Amino acid sequence: MKIVVCLKQVPARDSLLRLNPAGTWIQETDISFEVNEPDIYALEEALRLKESQGGEVVVCSLGPARAQQAIKEALAKGADRALHLDDPAFAGLDSFGVARVMARALETEKPDLIVTGLQSDDFGAAQTGVILAELLDLPHSTIIMAIEVQGGAIKVKRELEAGFFQFIELPLPALLTIQSGINKPRYATLKGIMAAKNKPLKKLSLADLGLLAGDLAPKQRITRVYVPEKRANTEFFEGSGKDIAAKLVDKLKNEARIL
Amino acid sequence: MSNEILVFAEQQSRKITRPAWEAVAAGQKIAADTGGSVTLIVLGAAVSVLASELAAGESSGVLVVEAPALAEYTPDGYARALAGVIRSRQPRYVVFSHTYQVRDFAPKLAAALGVGFISDCLGYHNESGRLIFVRQVFQGKFNADVEFTGEAPYLVSFQAGSFREDSVRRGAAAASVSTVAAEVAPDQVRSKPGERFREAKQAVDLTQAEVIVAVGRGIKAPENIDLARKLADALGGELGASRPICDGGWLPMDRQIGSSGQTVAPKLYVALGISGAIQHQVGMKGSRNVLAINKDREAPIFEVATYGVVGDLFEIVPPLIEEIRKSKAG
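If you're matching them up, the sequences are chains A and B in order. Going by the numbering used here, the first residue of the first sequence is number 424, and it counts up by one from there. Going by the numbering used here, the first residue of the second sequence is number 297, and it counts up by one from there.
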């Protein structure tokens, strides 16, 4: 079974994010990046499928040079090889543009299964995977909590609202977006980290993929990013732990009337 | 290009859902702001009974799109059926609620049509008829204004609660209903969906709790949950959690609050080390009082907090438990 995992880098969870001078995105210098959390679960699911079914896991990531860190992590955990989609023309693409580039890169790979996280922790559109499925004419399902291979098909458990689930059967090849919590992701071993150094990593640019910048014309544009207005009536408490506790109890008793 | 606002009215198990009415409210407002007309659309097999329910909302008509292949929701069936309708009607906007179903097919629909889809919006600004949509980015730390750049039709989905069901305008008379057959053949639907089910009967019903103490990543280690449990006991409340805590197995899934867990509205909701990403907020923003303790002043949880403490929960919770016990004893 040949499985492609699409993953991206996002700012590390504890980064102190600042806006760029134009106020159109965050300042990407001086912060560290990490693999988008749901993508880590997607990678783990791909590695487990390879272990049970045999085959190959290929990582596909679009991003600047720093994305190689995310790719190397995936290779160290057990992915076999990687495609790094890197070109100045790929900066700031919307979901459609990213999916378009990935579709072109994966056309020739012809994987049996493509997995990716259900959404990213940065823009969070939750669209790239589903658009990619459409561009590659693959059946898909989203927010997946279990995968079972049944010959040339798969049975997946899809999460629905309010604690409901649903089983769905799909023929292969197919694309799935993976929900966090589907498995317990592994850590890379020292041996894995050493082995990753010799695994194939192919860089692909706009020209390598036979695309033109116009093919990636955005369908939407961010005009401004800003700190949301705080709810005006949040009352903040300061002081020592004991002072705060006394003030809170007073509020809970006399204002909220909980106690 | 018409000035039509097409509103997707989601049905589940042949029932019109609350998100459907929220989408209607959004569509009515966009129509009022842009001088357009609203058409409601419902998909399924033999769903005309739902059309009469939808016809109570003020609109220029209800469109029922039917095919046997639409009896159960599938992304192939829905995207194909809607693409046919949108190609022939060329609406200006297609409005959705950002539900699990919409997330599953709307990006595919947009890609099939070659148009843009701005997903999970909180609302929009109207700049002389040009709509700029507002959505959260970086897990709610920032908001972004986003506009469409290509040609209409434009697809947009709104987060639960962004528009209210009770703000839907009712028509003086029922809107007209028309039915069209969808161009979807059974062999064009590649996935086979099963019945909806729940894992097990939920052991804990947090929806009835008057006080909930919920923990997030800030609790740091499973052994620290005991501290939150003590606070919950002191307050006579239940213990809840954000998704990562349940994903990690620190608390069982039936304690999870948020879009994939329970939706609660207690008198007091205490959020300990919860950043308050939107998936969590939708499950608790109906709480009457929210006390948030978090070390990050920028955490989105403070936007919905009545009382806020920026600090280390491990320094604040122990004296808080003590003061609560004293207050109750006195």
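No lab work stands behind these hints: they were computed from the structure. A portion of the hints provided could be inaccurate.
Unchecked claim - Lysine to aspartate or glutamate pairs mimicking EDC-like chemistry, simulated, CA-CA at most 20 angstroms apart:
1. B/Lys516 to A/Asp509
2. A/Lys676 to B/Asp462
3. A/Lys676 to B/Asp372
4. B/Lys488 to A/Asp666
5. A/Lys665 to B/Asp608
6. B/Lys581 to B/Asp462
7. B/Lys581 to A/Asp535
8. A/Lys665 to B/Glu618
9. A/Lys622 to A/Glu460
10. A/Lys607 to A/Asp509
11. B/Lys622 to A/Glu658
12. A/Lys674 to B/Asp372
13. B/Lys488 to A/Asp535
14. A/Lys674 to B/Glu599
15. A/Lys620 to A/Glu479
16. B/Lys591 to B/Asp608
17. A/Lys578 to B/Asp372
18. B/Lys488 to A/Asp509
19. B/Lys591 to A/Asp437
20. A/Lys580 to B/Asp372
21. A/Lys670 to B/Glu611
22. A/Lys670 to B/Asp543
23. B/Lys622 to A/Glu571
24. B/Lys563 to A/Asp638
25. B/Lys581 to A/Glu479
26. B/Lys516 to A/Asp437
27. B/Lys488 to A/Glu582
28. A/Lys580 to B/Asp543
29. B/Lys622 to A/Asp666
30. B/Lys581 to A/Asp437
31. A/Lys607 to B/Asp543
32. A/Lys607 to B/Asp550
In this text the structure is predicted, and so the values were computed from the model without any measurement.
key: Pair hint outcome, lysine 563 of chain B versus aspartate 638 of chain A [Cα-Cα no greater than 20 angstroms]   = Distance of about 53 angstroms is beyond 20 angstroms: violated.
query = Holds or violated: lysine 607 of chain A with aspartate 509 of chain A, Cα cutoff 20 angstroms?
reply = violated (30 angstroms)
ask   = Is lysine 620 of chain A within 20 angstroms of glutamate 479 of chain A, Cα to Cα?
value = Judged against 20 angstroms, a Cα distance of about 17 angstroms means the pair holds.
task = Mind checking the alpha carbons of lysine 674 of chain A and glutamate 599 of chain B for me, to see if they're no more than 20 angstroms apart?
result = holds (19 angstroms)
request  = For the pair we were handed, lysine 581 of chain B and glutamate 479 of chain A, check the Cα-Cα distance against 20 angstroms.
outcome  = Judged against 20 angstroms, a Cα distance of about 45 angstroms means the pair is violated.
ask   = When you check the alpha-carbon spacing of lysine 665 of chain A and glutamate 618 of chain B, does it fall within 20 angstroms?
value = Answer holds: lysine 665 of chain A to glutamate 618 of chain B is near 9 angstroms, not above 20 angstroms.
inquiry  = What's the verdict on lysine 591 of chain B and aspartate 608 of chain B, does the C-alpha distance respect the 20 angstroms limit or exceed it?
reply    = Distance of about 6 angstroms is within 20 angstroms: holds.
query = Does the alpha-carbon distance linking lysine 578 of chain A and aspartate 372 of chain B stay inside the 20 angstroms limit?
reply = At roughly 17 angstroms apart (the allowed maximum being 20 angstroms), aspartate 372 of chain B and lysine 578 of chain A satisfy the hint.
message = For lysine 622 of chain B and glutamate 571 of chain A, compute the direct alpha-carbon distance and say whether it is at most 20 angstroms.
response = It is violated: about 54 angstroms lies between the C-alpha atoms, which goes past 20 angstroms.
inquiry  = Next pair to validate is lysine 488 of chain B with aspartate 666 of chain A; report whether the Cα-Cα distance is within 20 angstroms.
reply    = Outside the cut-off at roughly 59 angstroms; violated.
ask   = Are the Cα atoms of lysine 670 of chain A and aspartate 543 of chain B separated by 20 angstroms or less?
value = Violated, at about 34 angstroms.
request  = Assess, step by step, whether the Cα of lysine 622 of chain B is no farther than 20 angstroms from the Cα of glutamate 658 of chain A, and give holds or violated.
outcome  = violated (23 angstroms)
The structure does not agree with the numbered hints 1, 2, 3, 4, 7, 9, 10, 11, 12, 18, 22, 23, 24, 25 and 30 stated previously, though it agrees with the rest.
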